[in-house]
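Got chain A; can you put chain B on it based on the hints?
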Amino acid sequence: MIAELGLAALWLAAALAGLQLVAGALALSARGASLGGIVRPVAVVQGLLALIAFLSLVYLFAVTDLSVKLVAMNSHSLKPLIFRVAGTWGNHEGSMLLWVTIMGLAGGLVALIERRLPEPTMLATLAGQAFVSLGFYAFLLIASNPFERLWPVPQEGNGLNPLLQDLGLAFHPPTLYLGYVGLSIAFSFAVGALVTREVGPAFAKAMRPWVLGAWIFLTIGITAGSYWAYYELGWGGWWFWDPVENASLMPWLAATALLHSCSVLAARNALRAWTVMLGVVAFSMSMIGTFLVRSGILTSVHAFAVDPERGTFILALLAINIGGALTLFGLRARTVTEGERFAVTSREGALVFNNVMLSAILGIVLFGTLYPLLAESMGAKVSVGPPYFTPMSALFAVPMLVVLAVGPLLRWRRDKFSRIGKMMVIPAMLVVAGVLLTVMLGGVPLMPTIGLALALGLVWASVLPLEGRNLLRTPLPVWGMVTAHLGIAVALLGMSCESAFSVEKLVAIRVGETTEVGPWQIKLDAVEPVAGPNWTALEARLLMRYGDDGRVVELGPQSRSFWAPPQQTSESALLTRWNGQLYTVLGGEADAKDGRSRWQLRLWWKPFVTLIWLGGLMIALGGALALVGRVASDLRRIIARDKIEYRRERQGRAGRYS
Amino acid sequence: MAGGTGIKAKHQRLVLLVIALVVLVAAALLAAWALRNQASYFYVPSEIVANPPEQGRGVRLGGMVQRGSLRTEADGVTIAFVVSDGKARVPVVFKGIVPSLFVEGSGVVAEGHMGADGTFVADNLLAKHDENYVPREMQNMTRDQARQVMQDTK
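Those sequence lines, one after another, are chains A and B.
For the first sequence, position 258 matches number 258 in our numbering, and the numbering has no gaps at all.
For the second sequence, position 77 matches number 77 in our numbering, and the numbering has no gaps at all.
Pulled out of the complex, with its shape left as it was, chain A reads as follows:
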């Protein structure tokens, strides 16, 4: 019953999206203008219907209704409730439903609150949004119906991949989707602005909160995904340049560029065509990411669909949306009139540099991610990994970070380096000190050396924009910028320290024996069986001491066996100190030579590794501060405008009656 309700809601939402598209498009012409009034309400109702469909699916998963095929394939009644609910989007159909739901709700929100742009632009924007949504509705209803029934009803479900039975899963995909879909709003705004040729500061200001919001969620999603891979996979790494990771990084890079070009457009009315182009590119990257991850073209825990029809469908959607938008851009870009001019040495100049470098990194990552697919279509099997990605992206990231130190201090329009030269003395000294330090320590490879030195300089340089300001009266967006830039420096520091100073140890020891890693002494005290709700495990009891006189701490890495579906995972155990993290993994039993078995242990001491994710969260926090600042000033302006109107109205009335 609930399944049918959900399906009906989904069909209705799709129909409304069609209506929204047609009405929005017709309303742009003189004859159809009367249709304009229904577009906004339709967008709101469409979002609500999609939400009803999604909540129905959540309910079906929560009660484990096995007569629904999707539930039977992907869930299991013995799973804890939180994982049953999270399982809703832990599969292909459910995740696509989540996608259209977020998209519908975001479109509804735009329709409800955005009053700044000229009405035709808004209608074109909502029509564009409906067009994109419609493709995804068709995809869901035709190729991946989440509410399909199963007959006969099975006794029990198939369960969920144990790697995915983790709290991280409950939040990771929805967070990334919020980011992806937020960019779809930016895309629709870009399309709307192109259709009506209204590209200007108002457009940038209307688009900016959505880009900011999407960017915040992408940042959090990537940070969380990185930490999840770090502790769940048990390989000790935090970024693998896996295609799936790249799929989330590429929209982030494009959104970062868009964010910065948006602020140029909003503040100075320059970079018009470029900003529109980035709006199209950013969402294209989201779609390419979804295609790569969900089409089954890559094999990973993320690739649910093994059905080639679905891959083709997403590819077709991709081609229609991106191709359409790029054609529109090609037709209209010339008529988007030129923006204001600026000198090379100016805030705009620095931001253009940032944009070009980000685009180059984006190109490098995109190229490296797609190359194996291209090669495979020509018959060669290759994989591309860190030896390609890391140095190639650093080549462009390093100059960008140097400019990041200077850019925020420059004035708009035109400036001189001599004005800010003095402020750069301390950061420059910090960079030199960083290089000297690593050279003295010795044995640090080139990349971490550069990273470490640059990070030290950036930590100082990124807070310089606050110098000489009254901190209480500094606008929130400035605080946001400083926090985010500082976050970049902090994350870079963490990455460099991790790759420069990590100590790894792989040993096989008997119970009762002791080993050392970095400053830690570690004793294997016992190996005992333990049991959880749907798994059993062997757990090692490790007793650890930092230095010679540290307190003894206990850790319990596990080797877990799940039974639905049967699979083994290593549960690493981490110990965090202010100056780093100890990472322990229990391996298998090595063959016993003299009757007492030895256990494999893999241990890492990673100094300051936590700064990576702390930095990531600071970047997101910076975005949040900027968003709050922007939205608050928008609200103040709306309230002020309403007050003025109200007064005018009252005066007018008073005048009439007096």
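If you're looking for bench data, these hints aren't it; they were derived computationally from the structure.
C-beta: ideal position from N, C-alpha, C; glycine also.
Heads up, a few of these hints could be off.
[What the hints assert, rightly or not] Just the calculated beta-carbon pair ranges, DEER-fashion:
id, chain 1, residue 1, chain 2, residue 2, range
1, A, L446, B, A50, 33 to 39 Å
2, B, I19, A, I639, 38 to 44 Å
3, A, T327, B, A50, 47 to 53 Å
[To be verified] Straight-line distance between alpha carbons at most 25 Å, and here's what the computed PhoX-like set of lysine-lysine pairs gives:
id, chain 1, residue 1, chain 2, residue 2
4, A, K505, A, K523
5, A, K505, A, K205
6, B, K95, A, K523
7, A, K505, B, K87
8, A, K381, B, K87
[Claimed, not checked] Going by beta-carbon spacing under 7 Å, a handful of chain B positions derived as facing chain A:
id, residue
9, A39
10, F42
11, S46
12, A50
13, P52
Same frame as chain A, but now just chain B:
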């Protein structure tokens, strides 16, 4: 283009466009060059024996773990085994914790490089996790060759 010294708006747009294009083309060329050097190719044992990659170059080797070949060295963490595709055999060493479904007679993809003595030094092993998660290169192989390989290596 020193600011405002008579450069027309149209020209500024052109200059920006040219700079952006030059950087992006440079990035693409660099990427193409780096990919040629850094992409790691996938080999099966008969290919790697017939036409070995240069030493130290990162490659992937896929095949079946030959029965009876797996042994653990004295340190308890280094394992040695032979990967075979029915036509050729390659000895492999790996230092680390093996994936749980890595057993004799099953498929494996090893990431690493060829050592000086013709031994493949693996940095990472990808084994078949479960029915739904097969290393991509293993898909065709298990279908086409697995049965025969299994018989050969029994």
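Problem set entry | Proposed interface contact between B/A50 and chain A, which counts if any beta carbon pair is under 7 Å | 16 Å, violated
Problem set entry | Given pair status - A/K523, A/K505, alpha carbons within 25 Å | Distance ~14 Å between A/K505 and A/K523 Cα, so the pair holds.
Problem set entry | Minimum beta-carbon distance criterion (7 Å), B/S46 to chain A | 15 Å, violated
For this session: Given the hint of 33 to 39 Å, check if A/L446 and B/A50 actually sit that far apart at their C-beta atoms.
Result: Given a distance of about 37 Å, which is inside 33 to 39 Å, the answer is holds.
Exercise. Regarding the hint that B/P52 lies at the interface with chain A, is the smallest CB-CB distance below 7 Å?
Worked result: 17 Å, violated
For this session: Could you grab the alpha-carbon distance between A/K381 and B/K87 and see if it respects the 25 Å cut-off?
Result: Since the Cα atoms of A/K381 and B/K87 sit roughly 20 Å apart, the hinted pair holds (cutoff 25 Å).
Exercise. Under the criterion that the straight-line Cα-Cα distance not exceed 25 Å, is the pair B/K95, A/K523 satisfied?
Worked result: 21 Å, holds
Exercise. Is the straight-line distance between the alpha-carbon of A/K505 and that of A/K205 25 Å or less?
Worked result: Violated: A/K505 and A/K205 sit about 52 Å apart, past 25 Å.
Exercise. B/I19 and A/I639, beta-carbon distance inside 38 to 44 Å?
Worked result: 43 Å, holds
Problem set entry | Satisfaction of the hinted span 47 to 53 Å by the C-beta atoms belonging to A/T327 and B/A50 | With a Cβ separation near 49 Å, A/T327 and B/A50 satisfy 47 to 53 Å, so the hint holds.
Exercise. Hint check: is the beta carbon of B/F42 less than 7 Å from a beta carbon of chain A?
Worked result: Holds - the Cβ of B/F42 comes within 7 Å of chain A, reaching about 4 Å at its closest.
For this session: With chain A as the partner, please determine if B/A39 meets the hint condition of a C-beta pair closer than 7 Å.
Result: 4 Å, holds
Consistency note: the structure conflicts with the earlier hints numbered 5, 7, 11, 12 and 13.
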